[in-house]
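Residue numbers (our numbering), protein chains in the order written: chain A, 1 to 356; chain C, 1 to 356; chain Y, 1 to 356.
Simulated from the structure, these hints should not be mistaken for lab results.
There's no promise every hint is true.
If several chains are the same, the list does not tell them apart, and a pair holds so long as it fits within one copy or across any two.
To be verified - Computed list of lysine-lysine pairs in BS3-like fashion (alpha-carbon distance at most 27 Å, straight line):
hint, residue 1, residue 2
1, K210, K12
2, K210, K185
3, K127, K156
4, K304, K121
5, K304, K356
6, K156, K12
Computed from a prediction, not measured in an experiment: that's the story for all the values here.
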Amino acid sequence: MDVQKAIVSKTKLGNFFEDFCLGMEIAHATPRTVSSGDQALYTALYGPRFALFSSDEFARSLGLERSPVDDFLAFHVVFGKTVSDISLNAIANLGYAEGIFGVPLYPGDTITTTSKVIGLKENSSGKTGVVYVRSTGCNQRGEEVLSYVRWVMVRKRSSGSPSPKTIVPDLKKVVSVEDFILPGKLTMSGFDNTLAGSSFRWDDYHVGEKIVHVDGVTIEEAEHQMATRLYQNTAKVHFNNHTESQGRFGKRLIYGGHVISLARSLSFNGMENAVKIMAINGGAHVAPTFAGDTIYAWSEILEKIDFPERNDLGALRVRLIAVKNNNCESTPLMDEDGRYHSDVVLDFDYTVLMPK
Amino acid sequence: MDVQKAIVSKTKLGNFFEDFCLGMEIAHATPRTVSSGDQALYTALYGPRFALFSSDEFARSLGLERSPVDDFLAFHVVFGKTVSDISLNAIANLGYAEGIFGVPLYPGDTITTTSKVIGLKENSSGKTGVVYVRSTGCNQRGEEVLSYVRWVMVRKRSSGSPSPKTIVPDLKKVVSVEDFILPGKLTMSGFDNTLAGSSFRWDDYHVGEKIVHVDGVTIEEAEHQMATRLYQNTAKVHFNNHTESQGRFGKRLIYGGHVISLARSLSFNGMENAVKIMAINGGAHVAPTFAGDTIYAWSEILEKIDFPERNDLGALRVRLIAVKNNNCESTPLMDEDGRYHSDVVLDFDYTVLMPK
Amino acid sequence: MDVQKAIVSKTKLGNFFEDFCLGMEIAHATPRTVSSGDQALYTALYGPRFALFSSDEFARSLGLERSPVDDFLAFHVVFGKTVSDISLNAIANLGYAEGIFGVPLYPGDTITTTSKVIGLKENSSGKTGVVYVRSTGCNQRGEEVLSYVRWVMVRKRSSGSPSPKTIVPDLKKVVSVEDFILPGKLTMSGFDNTLAGSSFRWDDYHVGEKIVHVDGVTIEEAEHQMATRLYQNTAKVHFNNHTESQGRFGKRLIYGGHVISLARSLSFNGMENAVKIMAINGGAHVAPTFAGDTIYAWSEILEKIDFPERNDLGALRVRLIAVKNNNCESTPLMDEDGRYHSDVVLDFDYTVLMPK
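Okay, chain A solo, but in the shape it has when bound (with noise of 0.2 Å):
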């Protein structure tokens, strides 16, 4: 019997809402040496294009050392750690904000990542509650190189354990433009369009302007799960068709970040010189995908951000959607009734620099 105690003992189930509190640091576990390998994989799952991560030489050209790893990468592998932790008894993986991307992610540094809870709220049911954290990724030097807040909707273990004090906290809506982190030597000066990929620059892009990015992109099952094993991301409902073909889709679920990657390489096509990401202000998976589903992106020009001491470079703020199985053109944001349409699955809201 002692023996099947230590069964129970070691193997973990994840947290439910009734194990967090208020305050709570959490150290996740397995650091993460990214390589030129994930980069090569990020690139094969997902076509981006954008010049800065595609080549050292461009990237030496803006002022930096080598190419880092695709901005996304880096918010995958840290969004990755932390789901053991946080999110394996998650219910739905609620929204994002407060996302500020730090030093460059390059290959051959090492991210760890630590999670603090600043929120909780139990739900009217009574067997749920929303659990918000902020979590940090920082590299071998303890250098930040993203940090977000996101918020789940996670089950509790039991409906009759006391209900914590209700803590949400207050998120700003838009990531401020003085808690930017510009990488030190970054400069646009020698930006060169042709390279790039385009000659639309900052001064061409305007507040409402409304960018369809033409392609769209179908999902297969080994792609998503490649993907998101490649972030270390184990949360099951991706993984096991056994018991989902039983559960509430009756399909594994893929990653909502899967589609961020999607979505933003998409936007290659309209945003070509749109480089490096400073914020993510604000995003919410507003419905599922699934293998098999035909991903297509538009971009809206929320913001122009201009940096009085910077003639090189600005930066938009860009509300990127993604819509499946149905022309951009023809689906609208929302319905008649106010909520999402019912194609569109992801609403993300996001801020990057632009050579001027």
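Using the hints, position chains C and Y against chain A.
Just chains C and Y now, with coordinates in the frame of chain A:
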């Protein structure tokens, strides 16, 4: 309305036949640093076993600094760059000629591609035309890695637009020996048959000899999509099942280069010592392939090329044929009417170095 | 006719039972330099989270120069080299024994494999026989990375050929402690439980303890094909649906090693600190797996090994069982008739280091 105009102008829809003119030079976007990660993916996608590209030690035994990436990985990367400018509106990729491999492409090298329009011919329908381009990929030192001609059938924007003067370039049927670029330090005097996998060397092959490569490999959607994205090739027909399921074939079409790499990898069995490709003399994708197809291949020795000043190596001109879903032994190249047998998908003519 | 003869002789059809003789030594083709790209693919294919193989910094904290590639990636590469000489005509891969891991395999190292025939036994049918080989993979300095014995059932070319003398090697049931090769500089005195993912160390595990690893993963065709090609393993049954759909199982068969790696990766949940494999004591692929199958795993602690001179680490001998499409809790290892339960696919016995 200003904003609406911006939408149209920022997104690229690719060039149409009218957009090309003779002598036009195009610098393609997104330089690409290749890495050992790309080579690992290439291995996972095709399973090549040629020792030169698999082992740094073997490469050093031939006088090189380390293993270059596979010749066809270099080809696909150069090709991929050209797609968004040349063949986004292509109906068919008709042929290749005058392909010359230059300096080896090593992990860490950055490749940049340019193309020049060298021929134009409108089709009698008035709806399409053939564009001939010479594309050249150079490394970060400006050294040519690969130069080749291809011609594609491209849609006209409007059947009413005027026809250009017909110019069909005079292309060599076979790359001349004097145009070969032998890697400077390459020597096969210490070539190890055992490590390479065969004792058959240049002297053992005969003009007219046909080598059936035994194995067959079935293609999966996830594989060809990952391959094609790795090369940053964005041709729509390979990725979008939402539209392609309503299109010409009712499904996604596989990038022709994927079949070249599969056939070349299959050719290891029987041509183990065919280590370094010198030239692509010609090639045609004679029928489309789709996920689920199983590819087989055979080679025919067309020519033996002796370099008088070299007693360590010679070259073979090889016709590499890929067939789908049919035994090579029972598949003739041509039907009785003189047209390709319906199961033949690739007819490719290349020249390769082999130890003497 | 000369030309036709050449066709037959150049293409390898693999060895048949008659082609092996006791003491025969085979140097396998295609040395292989492993890279961080291979490790990235390994991560994408299996999702391992053991810190030693994920983080260069963690590896350095244990005294190594950087992260080696995963132990089973080394195993698969060594195994893959042997296929075209040993098991191309195999009906079944029957077992493993006496597997000893030597020096760690680092990105940049080149592995070369040789095998020696150590046993032969014709089956009573006269149509097949069992071949026992010891295969050894060495790095570019000639240091052993892995040595192991496997035995396979191979077809005879002709049932009429004479039987060899039966020699069944006397294999150890368990690799002896004195045969272990502990990496010279490896120390676990500074082992960080938090980064590794668990506070359970060697002292916390008990002989007889069974750990059910909770999660299940569904295998896709593209995944096992990419994995098997990454290892340059060319066994036909894994790749050719054109013939396999007419074959024994009506579909492609998954490389048994793919299941070993999936099970080992699943075992992270409950055995997070089982960082470095010392030995493969035995193993059998007791039933075939196919795309669409979902793999689960459990471990049973068979033995605890204490190294008197080391107070930083010990070893555990572990029986790793993989099951398909069935809950581990409800799947017995053996049926009432003493045969493996029909859902059990792997019975694998290995020894692994763990911090004390």
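Comparing the hints with the structure gives:
Taking identical chains as interchangeable, the C-alpha atoms of K210 and K12 lie at most 27 Å apart only when they sit on different chains, with a minimum of 14 Å there against 46 Å within one chain. When the C-alpha separation of K210 and K185 is checked against a cutoff of 27 Å, the pair qualifies neither within a copy, at 32 Å, nor between copies, at 54 Å. In this homomeric assembly, K127 and K156 come within 27 Å of each other (Cα to Cα) only inside a single copy, at 5 Å, whereas the closest approach across copies is 61 Å. Taking identical chains as interchangeable, the C-alpha atoms of K304 and K121 are never at most 27 Å apart, the minima being 35 Å within one chain and 46 Å between chains.
In this homomeric assembly, K304 and K356 come within 27 Å of each other (Cα to Cα) only inside a single copy, at 12 Å, whereas the closest approach across copies is 57 Å. Taking the shortest Cα distances, K156 and K12 sit within 27 Å of each other inside one copy (16 Å), while across copies they are farther apart (49 Å).
Consistency note: the structure conflicts with the earlier hints numbered 2, 4.
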